[in-house]
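Undergrad: Sequence:
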Amino acid sequence: MSLFVIGDLHLSLSCDKPMDIFGGWTNYVSRLKENWQTLVGASDTVVIPGDISWAMGLDNALEDFRFIHELNGKKIILKGNHDYWWTTKSKADKFFAENGFDSLSVLNNNCYSYGDIGICGTRGWINDGSEPSDAKVIRREAMRLERSIQSALDGGLYPIVFLHYPPLYGESVNEDIMEVLMKYSIKLCFYGHLHGPSCRLAVNGIRYGIDFRLVSSDYLQFSPLDITTIVQSAKK
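213 is the number that this note's numbering gives to position 213 of the sequence shown; each next residue is one higher, with no gaps.
No lab work stands behind these hints, which were simulated from the structure alone.
No more than 25 Å apart at the CA atoms, straight line, and that leaves these computed lysine to any residue pairs for SDA-like:
1. Lys33 - Leu13
2. Lys187 - Ser2
3. Lys89 - Ile126
4. Lys183 - Arg140
5. Lys74 - Gly57
6. Lys74 - Asp102
7. Lys33 - Gln221
8. Lys89 - Glu70
9. Lys94 - Leu13
10. Lys91 - Asn60
11. Lys235 - Leu225
12. Lys89 - Glu63
13. Lys74 - Asp154
14. Lys236 - Asp226
15. Lys136 - Tyr84
16. Lys187 - Met143
17. Lys33 - Leu220
18. Lys33 - Gly100
19. Lys183 - Gly209
The structure displayed is predicted, hence computed values, not measured ones.
Let the sequences and hints guide you as you build the complete structure.
TA: See below:
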């Protein structure tokens, strides 16, 4: 059983929001499916940290989630800034159950286990201070992240973190999120959100004792990243 990650699928199978208009996204759905089915086995787990579907509601996201469900492995998803279909975890859980999407689980104020690893995370938020309301949202996201990490620790698990927004970008630091990561001595943090030219300022590597890795789908060339060895090495 291996652990994979890939973010920012940006599916639009039920709406007219193709990503093919952007450089590097040509035939991305078929490329994603081929790579996924080649790399991921039925007993593997894939974390998808946000921006999953362009749909504006759960019913409209049906075909996107059907596509994900039919891919190999168990999928753990968390919301991104473009997941407008999102309302609450309970409603998503109910929707998945009603449609038989039993391979999908929602990460929100909780954690999931992969062996003795705790899969933790939250959306995060933009940290440029451009809107007064941002500070309130960031504090709430930091609290959600702390609850997720604490739930892993309460279960005797070693926590690793998945975020949608990058906690670091160039020289910019999301202090609220970073405070939580450092408080709990997190060693691994995977994040998405960044595309195209924005990836030039992405932090990939160790900062503040934490190994940060960008995992947006176009950055990964639409191939889920096997992080099994990376995760196990972080515990040593």
